[in-house]
Amino acid sequence: IGIELSINKFDSDIIDTFQSFSEEIFKVRFKIYDCENKNTVKLTVNSKQIRHFFFWCGLKYDLTCEKSIPWVIMQNDRKTQIECLKGLFDTNGSVDKSCVYFTATSRLLASDVQTLLLNIGIISSLKELTGNSRKTYQIQISGHQFYKLVGFRLRRKQQSLEKYIQSKSISCDTPFGNELENGLFLD
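According to our numbering, the residues represented by the sequence shown are 146 to 332, in order.
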């Protein structure tokens, strides 16, 4: 039973982290194939053990537009949920001049991301984007709370986030002001 992941070839830190994780937990290494004429590499492995584990966690063979965050994350502790958010934003998140955002083709996945953000005290908005051949959904958040509570693992995205934070002059960008900063809503 095969598992295949596509990763931006410029994000070698994700590839290294994933390889270390798979070796430590499952005692296997993924094979890496360069996708010529694309900026991606494919990581593949054939392992019933890994496939069954992922399935048990809730990672099924869903279409992209039907993806969701697995129950094992949704019901887990705050630290685990933050790590999941980091991974999701590393892959499908970005920063521009106005906000941090996450884009997905699954409304359920976007809604689950919004729930995890709210669980840790980050308020977001969900927009449906049209114009492509299929609908996409975008979670938008202002960056200060995201920077303090989540951030990116990818250096290039974290650096963009830091530039965004430096360009803003306000200290807290939520409708609740300093209440969230002072921990009234946070652990």
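Check each hint, because a few of them may be wrong.
Stated by the list, open to error - Okay, derived cross-link-like pairs now, EDC-like style, lysine to aspartate or glutamate, Cα gap no bigger than 20 Å in a straight line: (1) K280 with D207; (2) K231 with D241; (3) K293 with D207; (4) K193 with D241; (5) K193 with D207.
To be clear, the hints were calculated from the coordinates, so they are not data collected in a lab. These numbers come from a predicted model, not from an experiment.
Now the hints, each set against the structure:
1. K280 with D207: holds, 17 Å
2. K231 with D241: holds, 17 Å
3. K293 with D207: violated, 33 Å
4. K193 with D241: This hinted pair is violated, its Cα atoms lying about 40 Å apart.
5. K193 with D207: Distance ~18 Å between K193 and D207 Cα, so the pair holds.
In summary, the numbered hints that this structure violates are 3 and 4.
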